[in-house]
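**Q** Sequence:
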Amino acid sequence: MQSPYSSVYKKRLPAAQAPAGPNAFDFFLPCPRGLETALAEEVTALAAGSPTLRAGTPTPGGLPVQGDLTDAMRLNLHCRIPSRVLLLGGSCGYADAEDIYHLARDLAWEKWFDVTQALRVDVTAERSPLESIKFAALRVKDGICDRFRALTGERPDVDTAHPDVRIHLHLREADALLYLDTSGEPLFKRGWRSEHGAAPLKEHLAAGLLKLSGWTPANVLFDPLCGSGTLVIEAAQMAANRAPGLDRRFGFEALRGFDAKIWATLCEQAQHAVRPLPPGQFFAADIDPVNVHMTLDNARRAGVGEAIAAQQGDVIEAMPPVDAAALPAGQRAWLISNPPYDERIAPEGEAADDFAPQLARTLKQRFAGWHVGLLAADLHWDRALRLKPRRRIVLFNGTIECRLMLFDMVAGSARG
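With my numbering, the residue at position 108 of the sequence shown is 163, and numbering never jumps.
By construction, these hints were calculated from the structure, which means they are not laboratory data.
Keep in mind that the hints are not guaranteed to be accurate.
Under the rule of at most 25 Å between Cα atoms (straight-line distance), these lysine-lysine pairs were calculated in the DSS-like manner [what the hints assert, rightly or not]:
| hint | residue 1 | residue 2 |
| --- | --- | --- |
| 1 | K257 | K244 |
| 2 | K196 | K166 |
| 3 | K266 | K443 |
Label pairs and their calculated CB-CB ranges [what the hints assert, rightly or not]:
| hint | residue 1 | residue 2 | range |
| --- | --- | --- | --- |
| 4 | D214 | D369 | 44 to 54 Å |
| 5 | E456 | V345 | 47 to 57 Å |
| 6 | D343 | V213 | 47 to 57 Å |
Think of the CB as a built atom: it goes at the ideal place given N, C-alpha and C, for glycine as much as any other residue.
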């Protein structure tokens with residue numbers, strides 16, 4: 056099948072790179088900075104079950120992928136780390152927004168959706184020379200609408216709140232890329248969260264932390280600053296082999312070319328692959344009882360409510376929920392958390408600056424034999440802890456540069 060984007064206005068615009076085969080498409084999977092390699096590993100593992108899916112070389116902020124439309128459904132259903140699955144429509148060099156307008160006007164959008172479906176156009180940029188990237192996005196909208204008006208006499212509506220179809224424009228220094236968003240809502244919206252804690256950690260970043268830390272689904276996990284439970288819920292779903300996309304809808308369901316029967320089969324296969332979890336592996340705590348309630352409620356909606364034990368408690372007073380030394384051979388105990396830096400973690404009457412050394416004391420005195428991973432926005436928080444990490448991993452929480460600090464707690468060691 057020829058790409059539905061093959062009608063790029065070639066006189067002005069160089070055509071996008073050709074896909075790998077007649078039924079293949081180029082995709083881009085954006086992800087938090089620092090998680091690109093982990094995403095490549097995730098897609099490579101998924102590709103073992105698909106002869107058409109291929110992961111490319113990671114680039115800052117994401118991963119190029121090639122595959123067919125069934126692979127797009129697989130990626131949306133099973134991948135935890137990307138924020139979206141974007142199908143590349145076309146690209147061009149540009150001098151101004153009018154070049155981008157012509158690219159949008161000459162792509163065969165009617166192969167994917169019709170004039171009755173409402174649009175939204177989003178834009179991102181890196182080193183773009185344009186004065187206004189918002190104007191470039193507006194010209195994309197104009198190009199799409201003008202194409203439909205020429206074909207049908209009507210223009211599609213624009214709905215930024217509840218669009219049927221999302222288009223994504225990415226501007227680089229020398230070229231513009233137009234994508235069709237197959238995900239709809241960002242993939243970190245798993246579909247089970249009803250409300251957020253005071254400092255929510257997005258699900259795709261939580262999955263990346265688990266991957267980078269070295270935690271595996273056979274290991275124990277304890278988050279003593281659980282907030283709304285994101286980390287333990289992600290971990291429990293991974294251990295249960297529960298696909299992250301089972302509880303939500305996707306943008307591709309509104310598009311032409313995607314087979315509803317194949318999608319139903321993929322969902323049925325994913326549901327049958329879910330395995331039960333024994334108790335005693337996933338633990339959570341928080342000083343705020345509202346957060347404990349949210350964690351248990353979210354876990355229930357995420358299908359792992361029976362696997363997670365959560366209780367109210369101050370992290371400074373935390374005790375290990377299991378004895379690391381008594382675990383079966385090969386199973387490890389992990390404490391992984393994203394400590395928030397606000398009044399929620401500072402006991403009344405104490406300064407927040409006292410928190411780090413108190414936490415370090417708790418870890419050294421009570422968590423011997425445990426492996427610890429802490430995500431900190433303070434790039435030198437290990438100095439405040441007075442613990443020496445065995446590894447410091449750079450990653451970004453949105454635009455905030457962070458460090459994932461990994462420690463191996465040894466009994467009697469003042470340096471961790």
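**Q** Name the hints, by number, that the structure is in violation of.
**A** 5, 6
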